[in-house]
Structure formats: C-alpha cells, structure tokens
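Novice: Chains A and B, in that order, give the protein sequences. In terms of our numbering, the first sequence is residues 15 to 304. In terms of our numbering, the second sequence is residues 155 to 281.
Please keep in mind that the hints were generated in silico from the structure rather than gathered at the bench. No incorrect hints appear here.
Derived lysine-lysine pairs resembling DSS-like cross-links, with alpha carbons at most 25 Å apart:
hint, chain 1, residue 1, chain 2, residue 2
1, B, K266, B, K223
2, B, K224, A, K234
3, A, K84, A, K115
4, B, K195, B, K266
5, A, K234, B, K223
6, B, K224, B, K195
Footprint (simulated), chain B over chain A, 3 or more residues, beta carbon under 8 Å:
hint, stretch
7, 224 to 236
8, 242 to 250
9, 273 to 280
Just so you know, even glycine gets a beta-carbon here, dropped at the ideal spot from N, CA and C.
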Amino acid sequence: MSASGKGLDTQEKARAWVDTELDFAVSHTFGGNSACVQLDAGDEEYVLCDLGSGVRAFGNHVFSRDGPSKKSTFHVFLSHVHWDHIMGFPFFGPAYVPGNKIRIYGCHSNIEQALRRQQDPPSFPVPFDTLAASIEFITLQPGRSYDIAGWSVTARLQNHSGDSYGYRFVRDSRIIVYSTDSEHRLDIPDEVEGAAAFFADADLVVFDAMYSLAEAVSVKEDWGHSSNVVAVELCQLANAKHLVLFHHEPANNDERIAEIWRETLRYEEISRTGEPLRVSAAYDGMEIEL
Amino acid sequence: MRVSQERYGDALVLTPVGRIDNSTTDGLRSDLNTYVATCRKGGDRLVLDFSKVDYISSVGLRVLMLAAKKIREQEGMIVVAALQPVVREIFEISRFNLVFQCFGTVREALGKVSAAALEAYDSAHGA
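Isolated chain B, as found in the complex:
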C-alpha cells in the first residue's frame, strides 16, 4: 500500500491510499512503527488522513489500534481525519469512532493538535 507523508510544523500527516486489508496493511504498519519508534510527549503529532482510503478491514483497524495504544503509552497524539462515508460507517460499526478522535478535514485535525501545525498547513496551502 502506498502511504504518502507530509510535515506541517510539529505534525506529521500520513495519507494511505486505497483499501486497507490483510494484503495491504504492511505499508501502513511500517510507517506507523517508524512514527511510534520516536514518539514522545510534546513530540510530533500524528494525523492519519483517510481521504484516499475506501475500505478498511478488521486487520487494518487492528494495526491502527496497536499503534494508538503505543502512542498513548508514550504520551504522543494520534488523530484521524477526512474519513470517506463508507470508512466512517466502518469506524462506527466497529466502535473505532469511540477510540479515535475523528475530524472532518486534515486542516480541522491539525487545528486541534497544534497551532503551529495549522499555521504551517495554511501557509503551505495559501490560506
């Protein structure tokens, strides 16, 4: 699975593309593990941009849960943004919407996690 990365101030935005299921979780898991390895209190915030994900299976959700657990243990921050309608439904059915803070847009998520990140995002996007 292809996962693109962008940095905005002290926030990292990961954008996976396509279906996240048994056969495609490796890329996302790898990127999340890289982030988890250096995650610490006051360090980079992580925003998962799901705008290009059209399905996520239980295995994909499990990968998110494991990462979130470690990140919280290390007092880091992970949030989810821009869920497509079907993926939002899956989050609700699986109750992952109760585990992750979900925001309508990446900008909204960045605004929540860090003022510096939002400023960097707005600057990059000409806002």
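Just chain A, with the same shape it has in the complex:
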C-alpha cells in the first residue's frame, strides 16, 4: 500500500524508495542474533567482541570472502560467558579449520571452562579438543591497556550478574567502546565518573539498551542491563559522537525496536546540551564506518 502511486517502475527506483522512504521495521528486520561485533581496520587479522549466535554468520562471511583454505587469526574479546555471548562458538566454521588461530581474551577466569562445557554432550556432539583451529585463552586485567592486533584495548568492570567487562578500543585517534550487559547507575557519582571517563570522546559506543528506564529501575533492577535513556545521558556526558542501541530485548518485535529507536532520537534532542549525538539501533549485518 505504501508504494501506491510512487511511480516505482524500475528496480532501482523501488530499491531507493525502500532504502530511503519506507520505515526500517517494514523494509528490513533488526534480526535476532545475539552479540557478536567485528572491528575491521582493514587488517589481515580479525577482531571480534563476543561469540553470540551472530558469529556463525560472521564465520560464513569469512569463508565466502577468503575461501576455505586461507589461514586466519581471530582476536576475540569476551564481555562475559553468559550463554547468549558464547553460544555461537560451536557453529563458528573457522574453529574447525586447521591452521586458523583463535585468541580469546577476557577478564574472567572461567572462559575456557565455559567454552569447553558447551561443546560437551549432551549440549553438542563435537568436543572442544577436536576443534582443528589453535585456540588460546588470554586473561586481561581491567584498567590496564594492551596493544592487541593494532588496537589499544582497555577493559572495565561492569555491573552484571557474575560480572561483565566493557572494552575501549583506540586506534589512529578513533575510539570505539563496546559496553553490553551492564547496568549503568547514574545516581552513583563514582559510577558516573568512571563510565564517563571510559566512554570519553568515543566515536562509537555500542551500548546495552535492553530495558525501558522504568523497568530498569523497578521490576528489573539488578538484572544487569541498561536503558535507552541512560545510554543517551551517559554518551552526552562523555561527549561521545555515535550511540548504537544494542542487545535489544528479545521480546520486542521489529516495530517495537523501531519505536524505541525513534523515541531515543527524540530523547537525545530533548536532553542535548552540547553537540548532537547520533543514535542508531543495531541490526544483524549492520556496518558503520568511522
């Protein structure tokens, strides 16, 4: 119905109209994969945050781009080992390719145990030790900077059941903050100061905005997730440039996520005191160039 009378008589016109005019929730889908984000600086080696179900599609992308025989190195930074953040690993094709190297970084001491356990019966039929790639686990200390795969990386402890860690990546004056599964409390001055410093001047902040503020401070308090309202306020306080709403509530459909996105754009306008903050809502396959 929306296309009626638009004169969409060529494929190009139709595609342009879908991309620019049609509401995102109608023309696309936000998808439903759990957390997996790639940082691509054009290097040979791959850098990822988390191993949620999205890493399966990423593995397929690597195969289609590089072919099955090219040997690659993957650097993976884990926020934590809750299942939605590691569940994609058994389906990550490059883990089955001899010669590939997978280096998994994190601040938890039980990462290897968690990844091994989900490969074991009855959860999965391929034991961890039979994975053909070389897999290493490297424990990081929060608050310390590391030079890894061309990035300066710093982890920060976050408020989440069993703890989670955010990552601040810096390279060539570009700053990316990955902060998912974190209940940010803006009523606690030390927490505000610490988070604002961690987010400071970021070009991109990938932020856990799973709940509404009302949920996050009432029935879902202490559930370890944040809201779109806190996301905007914290990014504005930190002078960040681009906020990506991430870790959508699984119960929300595309229309609901699009509505939350629109509302967040509006809240950014209302609460703005300095430069505008760009706001996006993450979807499967989203690419952002900095």
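Following the hints, position chain B against chain A.
Specialist: Relative to chain A, chain B alone:
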C-alpha cells in the same frame, strides 16, 4: 531545587520548580522522604504537580520510582499532574507513564484521589 507544598484536605501537593537532574534532585528527594516517613493506608494522598518542571533526567525519575515503591508498600497513594509537553514525552519514552497515574491538572488529580481534597481545592480557588 525549590519545592513548594500546599495542603488540600487529606492531600498534599508538591510542586517542584525547574530542571530535575543529577544536581537538583536533593530537594525533591528530601520532600518525598518526609512524606514517605509518615505515609500509611488512608493517610495523606500525594500529588506531584509538575506544571513548573521543564525537564527530568533519569536520576530524577529514579527518585520518583523509589518513592513510589515505598509509598505503595505502605499502601499510600502518589499521582502526577500537569506534565509539561516535553516532560510528558520523557515520561512516555521512559515508560514512567505506565508506572504513574498522570492527570492533566492538579484539580483533576485531586478529584481522583479524594473528594475532600477536591472540595478543599475548589474552596481555596473560589470554584
């Protein structure tokens, strides 16, 4: 933050003025805590008159939520009235409109919480 108070029968009307954010929540929190300390079933109803509030941040909303939680635990009553358009938007974006009963005017809110309060309000305002 300045918060004025008026009593109408068995209802207390708190009217905060200006922005409610990290640096200004103390006054509102203090007044709400004073109310919460004596709040009980059948006691004073509380109406928050937001007609003079032009912005409320997440920290301010959290203060409201904590107060509302305690008030409900003590079987008291809290409602919100006269939200300015922008603050109404913030209530909707944050979903606080689903937590608080919101009324267009203080008079409307008083009419909802107590007939005696409405009568006192109308008497005071020559209605």
